[in-house]
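Engineer: Chain residues, written in single-letter form:
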Amino acid sequence: MTTADQFNVHYLKKHYAKRQVLDEVTFSLQAGQTHLLSGDNGAGKTTLLRILAGLEKPDSIQIDLGMGPLNWRHVKKTLQQHALYLHQHPYMFDGTVSYNLGYAIGVKLTKQERQRQIDKALEWADLKQLSQAPAKSLSGGEKQRVSLARAWLKRPSILLLDEPTSNLDQESRHRTLSLLEAFKSDGTAMLLASHDPMHFPSLIDQHLRLDQGKLIRIDDQNPIEFDQTHPNFRSTA
Amino acid sequence: MPESLPQPNTDHMDSLTTTTLAALELLFSGNPELWEIIAISFRVSGVAILVASPPALLVAFILAYYQFPGRRLLISINSTLLSVPAVVVGLTLFILLSRQGPLGEWKLLFTQTAMVLGQIALAFPILVAMGHSALQACDRRAWETARTLGATPLRALITIMREARFGLMAALLAAFGRIIAEVGASMMLGGNILHYTRNIPTAIALESSKGEFAQGIALGLVLLILAFTLNAFLQHFQGKGQPA
Ligand SMILES: Nc1ncnc2c1ncn2[C@@H]1O[C@H](COP(=O)(O)OP(=O)(O)O)[C@@H](O)[C@H]1O
Ligand SMILES: [Mg+2]
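Chains A and B, in that order, are what the protein sequence lines are.
The numbering used here applies: residue 1 is where the first sequence begins, and numbers increase by one.
The numbering used here applies: residue 1001 is where the second sequence begins, and numbers increase by one.
Please keep in mind that the hints were generated in silico from the structure rather than gathered at the bench.
It is possible that some hints are incorrect.
Now the stretches of chain B that chain A is said to cover, found in silico as 3 or more residues with beta-carbon under 8 Å [what the hints assert, rightly or not]:
| id | segment |
| --- | --- |
| 1 | 1140-1147 |
| 2 | 1155-1164 |
In silico DSS-like links for lysine-lysine, alpha-carbon gap of 30 Å or less [unchecked claim]:
| id | chain 1 | residue 1 | chain 2 | residue 2 |
| --- | --- | --- | --- | --- |
| 3 | A | K128 | B | K1240 |
| 4 | A | K154 | A | K136 |
| 5 | A | K154 | A | K77 |
| 6 | A | K128 | A | K111 |
| 7 | A | K120 | A | K136 |
| 8 | A | K136 | B | K1240 |
Ideal Cβ positions, reconstructed from N, Cα and C, are used throughout, including at glycine.
Extracted from the complex, chain A is given alone in its bound form (with noise of 0.2 Å):
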């Protein structure tokens, strides 16, 4: 995490042409919890997850870091240096599954560490026999796993995940559900979007939803309030 344990996100904006996507949405992530984020088709779930990731500009944000106030390309920074979001869709790159584990490895390394640490996630997501097959011909559920295995290696805080399992066939369903486990008690943050939440029934320890732009908490069923006299800062992007 970035300070504590906790991670929060205030006064998150964003909107496309006339569509305020995300209205002034505020939570926070924990180490070693998983949220649930669900919502409709459209209702802003995958554009939330690219913010967090640093990898798509919100209109503002404003992040907890315990430092003064930062513009989006500190914010982006940060984002980059702790989450890492994982495409609906895994792009694999060209090259053997070895080699696309290898991506995730700092490139300071030496060979052999490189090596030991690639055969420890291929050991980690039951990649062993697949480890110099061409990354782009797996099925679905072998490229996820390959994801989540690339994922492992760079030990992010936050990992935020794009309905991780809606191509999926039960078998690598299950697969999935039990990498994720892994992370969870690793102690990583997960941020989870799907709009089936009956697929993860033991992982998930809260639920937000996104609705006309609100993000709301499930359990209370209340736009969660941002308390204004928080001593951070705001960024504006």
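On the provided structure of chain A, position chain B with the ligands as indicated by the hints.
Structural biologist: Positioned in the frame of chain A, the structure of chain B with the ligands alone reads:
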């Protein structure tokens, strides 16, 4: 056969056959003058591609990945530059480099450097246009995946170039094929000086008019073989570059 019947006139045939044989002999006997001309061509065009590629591919990347005011205008200007005749490019640089021109002090006219400059100007728009479409065709998730996995922008750029390598190779080959065979700019900027700026196309154009057909045919054959090879590679790369 009765002596009175007219014999078919084989003079033209004979001279073409003899000249072609002479051309092959020049080529395969390693005629130094001929091979020097070929070497100059490859050196000048090779340097031009080496110098032009990095900035051209950077422009191609910016056009493919960033939205900014004037982007569309830049693309149209580049498309226009694609179809500017080589002699016009040659003329423009000639004026700039000529003794009275703004860059006259550099004393570059009729040097290999001037030829390289002309070929850079010809290659640049091809590299930008083909590089742009190769990078545009590359999946946007490639860039995003690289970045979210912690790659610096430079590493992510190298990654998407690797993903688009077949299309980019095709761009390099097409540009090389265009500049090594063009005569207008090389002639105006190089001046066809033997041992120095005489390259394949200027030798063919100027020496053939002096009756040096054997050399012209030999050099023409080199260009033909080169065109064939480049095209074979181009097809290969373009085939691989198609999205699956
Ligand atoms: N790049 C974009 N340009 C314009 N509109 C966009 C863009 N990305 C998303 N939108 C719009 O924003 C809304 C939210 O999209 P998205 O975040 O993908 O929703 P979800 O993932 O919940 O289905 C949709 O109405 C979508 O059309
Ligand atoms: Mg979505």
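Engineer: Taking the hints in turn, state whether each one holds.
Structural biologist: Hint check:
1. 1140-1147: holds (count 6)
2. 1155-1164: It holds: at least three residues are needed, and the segment 1155-1164 of chain B offers 4 whose Cβ sits within less than 8 Å of chain A.
3. A:K128 / B:K1240: holds, 28 Å
4. A:K154 / A:K136: holds, 21 Å
5. A:K154 / A:K77: holds, 16 Å
6. A:K128 / A:K111: holds, 19 Å
7. A:K120 / A:K136: Holds, because 21 Å separates the two Cα atoms, which is no more than 30 Å.
8. A:K136 / B:K1240: Holds - the C-alpha atoms of B:K1240 and A:K136 are around 14 Å apart, at most 30 Å.
The structure fails none of the hints (numbered hints given earlier).
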